[in-house]
Each structure stands twice: as C-alpha cells, then as structure tokens.
Amino acid sequence: MDHDATADVNAPHSMGTTIIGVTYNGGVILGADSRTSTGLYVANRASDKITQLTDNVYICRSGSAADSQIVSDYVRYFLHQHTIQLGQPATVKVAANLVRLLSYNNKNMLQTGIIVGGWDKYEGGKIYGVPLGGTIVEQPFAIGGSGSSYLYGFFDQAWKDGMTKDEAEQLVVKAVSLAIARDGASGGVVRTVTINSEGVTRNFYPGDQLPLWHDEVEAHNSLLDILNATNPEPMST
Amino acid sequence: MDTLLSSEGDSQRTQYPYVTGTSVIGIKYKDGILMAADMGGSYGSTIRYKSVERLKQVGKHSLIGASGEISDFQEILKYLDELILHDNMWDDGNSLGPKEVHNYLTRVMYNRRNKFDPLWNSLIIGGVKNGHKYLGSVSMIGVHFEDDHVATGFGNHLARPILREEWREDLTFEEGVKLLEKCMRNLLYRDRSAVNKLQIAKITEEGLTVSQPYSLKTFWNFAAFQNPTVGAEGSWILCLMMFCCTKTCAFVDASFSFIARHGSA
Chain A
1 MDHDATADVN APHSMGTTII GVTYNGGVIL GADSRTSTGL YVANRASDKI TQLTDNVYIC
61 RSGSAADSQI VSDYVRYFLH QHTIQLGQPA TVKVAANLVR LLSYNNKNML QTGIIVGGWD
121 KYEGGKIYGV PLGGTIVEQP FAIGGSGSSY LYGFFDQAWK DGMTKDEAEQ LVVKAVSLAI
181 ARDGASGGVV RTVTINSEGV TRNFYPGDQL PLWHDEVEAH NSLLDILNAT NPEPMST
Chain B
1 MDTLLSSEGD SQRTQYPYVT GTSVIGIKYK DGILMAADMG GSYGSTIRYK SVERLKQVGK
61 HSLIGASGEI SDFQEILKYL DELILHDNMW DDGNSLGPKE VHNYLTRVMY NRRNKFDPLW
121 NSLIIGGVKN GHKYLGSVSM IGVHFEDDHV ATGFGNHLAR PILREEWRED LTFEEGVKLL
181 EKCMRNLLYR DRSAVNKLQI AKITEEGLTV SQPYSLKTFW NFAAFQNPTV GAEGSWILCL
241 MMFCCTKTCA FVDASFSFIA RHGSA
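If you're matching them up, the sequences are chains A and B in order. Mapping to my numbering: the first sequence position 130 is 130, numbers consecutive. Mapping to my numbering: the second sequence position 99 is 99, numbers consecutive.
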C-alpha cells in the first residue's frame, strides 16, 4: 500500500528551499534554510546554500542541487580569471550577468533559481535575482525557492527601504523561519551572510532557537519533565 | 559560440516561458507613436516582479515594447545593441529607422522559429524617421505586420476593439494618452496578469521619452457591483426581470432608431 520509500533516496537531489537576499543601508544580507531533499527524504538537514563566488560576492542556490552547484563552480572559475585580468575585485553586476549567461544559454537543461548578492566599491550593496529561464532582475530584495511562495505577502508588508544591518538581519531570519513553518521542503537551521565594505560575516541560527509560530509548541526533552514540574497538567484520556 | 557558456547538445528545442510580460499597446498619433505597457513580470500565476521595464529605446529613431519571456527580451535587446553599434560604426550619416529594425527582428524571430528554438516574445516596434511614422509588430513565429494601432496578447482582444472605434489619424498627445489609458484600464480589469503600474512612451521626430511608472485609478462603485444578486431569488422573478430588461432594451433601441430615421424635434 505504501509506495516504496527507497525510491526517495534515488530521486534527484533538489533544494526545496527558502532563499532570501535583502539590501540595507551599507550592504546586503543573504539568508537561507538548510534542507536538501530527495523526494520525501531529507538528504542533508544542515546544507549550506549560501555559496561564495569571490571575497565580495555570494549566491543563494535553489532548485536542483547539482545544477546550482555546477553553475556556481563555473561562475567562480570565470570570476577568478576576470579578477586576475581586471586587477581588482569583480563587481556584483558582472557576477550576476555571468550567472545569467549560463542560466539563459542552458535554459532547457538547468532547473535552478539563484540570488546573487554582494558589495563592490562602485555600487555598494546590490541584489540580483536570476530565476528559471535566465532573466536578470536587480531588486532591493529578492526571495526564491519553494518556501518563497509563503513570503510574498509578508515582504509586501514588512519590507522597508533603508533598514539598518540589525533590522535587515532580523527580517531575514524571521522570514526564513516563517517559510520553514509552512513549507515542507524547507527546514533545519537559518544561515545568513552579511556583506559590506568591511567584509563578510556568517551567522547561524539553529532550528531550536527560532521563534515559534501559530500552532507550534515549545520543545522539551521529555514528557517526564513536564509531568515532574510543579502543578503538572493531568494526563488526558 | 563559447562552448563553456552554452551547450551544443540540444537538437530538439521548443521551450516554455517562465517569467512573462503581458500586453503592449501601440498607436500612431499626430506627432508620432505612443506605446503603453505595464511593469509586471509574472511567474506562472504569481505576479513575481512589479518593476520590469518592457518599453526600451533602440537607436535614435525607434522604440520597442515586448511581451512574453523576459529573458528572451533581454537577449533581443543585446542583439539590437550590437545592431545599432555596427550601424554607428559605419559613421556614414545614416541610421537605422523603425522599419529597418522591424525587418531585422522579423528575420531573427522567423529564423529561430524555423529551428524550433523560438524567442518567446511578441514585439511592437514604433518610431519616426524623416517625418514618416512607423508602427509594426512581430510575433514569436515571425508573423509581422504594420498598422495604425497594434497590440500583443490580451491587448488584441480587449484594446484593439476600443482602438478600432476611437482611433483617429490626428489624435493629439493628450487624446492619445487618454485613449491608451482607457485600454490599459480595461486590461487591468480583465487580464489576470496585469499589474497596476505602467509606463507610456512617446516617440516623435525630436526624440523619445519613457514616462515614470504610475498607476491608474479603478472604478468599483456601481450599484450592480454592490448588490449583484438582487432579484436572483426565485427563477420566475429572474425570468420576469430578464423579460422586462430585454423588452426595455428593445424599446430603447427601437426608440433610438426611430429618432435616427425620422429625426427628433
């Protein structure tokens, strides 16, 4: 009756995902969940979907894990050569356009949506979305992956221009956490990467420290802890 | 073609669109061409992007508006960039006009269609050169024509009938804008992929301007909207109402034609 569970472990690795990139007054913050699923099985519950291309440019990967990894590997390779020729750090725009070239020219084979974010001395912090098909769109903030469906309304309401670094970070963590609450394909921890003129900072928010949303309850080690606490609730039939 | 950046593997290619723009409308008016398009980029049924510019300048004399897959439109703009660059490099005092750009794009779209690898767009090209106004369209399969008013997608069904009734050769700029806005408002009501943020572009012999993004007011305050089901209870009442309604309409129509034939006092 149940379909063969082992079929899941051989299904293509896909990152049902929530990925986010926001600009703030001074740089960008990239955020993502950490679940990689093959069918219904969680192949990796602590993946890192925020990948470095250069010192100042990172990307968030969604869709097929293989496709997004190979695109990021190629773009990192091209950017490395470009940096050597140019003699200075590559701009975010160049990185985003390289991602676009690969996505567009191989649109029939690739299934990956990418958010490119970084900081350069000419334009400051910038976020570019490169969805399926290879369109390139510069945006003040971008959301992607299967979990992003649940965040369009949230961002319409909560996004403000000119946020501080801390405001933007809180917004990103809250948003990924809300998406994880409703999207079965997103989960695990929330990772963020902040990029500005001073450099790059990675942050890690473990799954058990995220806020609780509607109809979620506090975690305990055991029922026994609840029973042994003063004025325990009687067990109901 | 750089083999690292693209693959030679696909011999059978018909793609499907991912991020799409909806209708574009274009009209000729007294001094040149007016074009309108909203700024939406839809991802299936989700309205994903709301600031996509779908009207762009091409060289000195032309304006292009696109609907369909946005990534393919971005690629077309790169082709046109190269076309204009080479035209300028001749440095011979000539420059490509809208008719030439239209023809170039027709060849590009048709040849891609023949390879089963279309650019998934419907394009509108308009412009003025040496006093001649030109307005044409090309589809993703290479169907092309020119006319006094053109539209893509839903615009063909909703906007063109309005234009057929109300377009005139000597429209002023203000009349033209009002006419386009009437069409765009109609599209906003009836096209699911429309968004309420649009741009209108004007091109004349003097030059081109694309307006800042703006939104249109919409009208919902009708009695029939507030109480749409009044009189619906009981089918005989509905029939009676419809009977009265059609009889009234017929009476009104008849009165008008009577007056028209015999003149009123």
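Derived by calculation from the structure, the hints in this document are not laboratory data. Please note that a few of the clues may not be correct.
[To be verified] Using 25 Å as the maximum straight-line C-alpha spacing, the simulated SDA-like pairs for lysine to any residue come out as follows:
(1) LYS56(B) / GLY97(B)
(2) LYS121(A) / HIS80(A)
(3) LYS78(B) / LEU86(A)
(4) LYS160(A) / GLN199(B)
(5) LYS93(A) / LEU77(B)
(6) LYS197(B) / GLN139(A)
(7) LYS78(B) / THR83(A)
[What the hints assert, rightly or not] Here are a few chain B residues that sit away from chain A, every Cβ distance over 12 Å (derived from the structure):
(8) GLU100
(9) SER193
(10) GLY207
(11) SER211
Here the structure is a predicted model, which is why all the values come from computation and not from measurement. Built from N, CA and C at the ideal position, the CB exists for glycine as well.
Quick rundown of the hints versus the structure:
1. LYS56(B) / GLY97(B): Holds, at roughly 15 Å.
2. LYS121(A) / HIS80(A): holds, 18 Å
3. LYS78(B) / LEU86(A): holds, 23 Å
4. LYS160(A) / GLN199(B): holds, 24 Å
5. LYS93(A) / LEU77(B): holds, 17 Å
6. LYS197(B) / GLN139(A): Judged against 25 Å, a Cα distance of about 16 Å means the pair holds.
7. LYS78(B) / THR83(A): Between LYS78(B) and THR83(A) the Cα gap is close to 24 Å, so the pair holds against 25 Å.
8. GLU100: Answer for GLU100(B): holds, closest chain A Cβ roughly 26 Å.
9. SER193: holds, 15 Å
10. GLY207: Non-interface label on GLY207(B) holds, nearest chain A Cβ at 26 Å vs cutoff 12 Å.
11. SER211: holds, 20 Å
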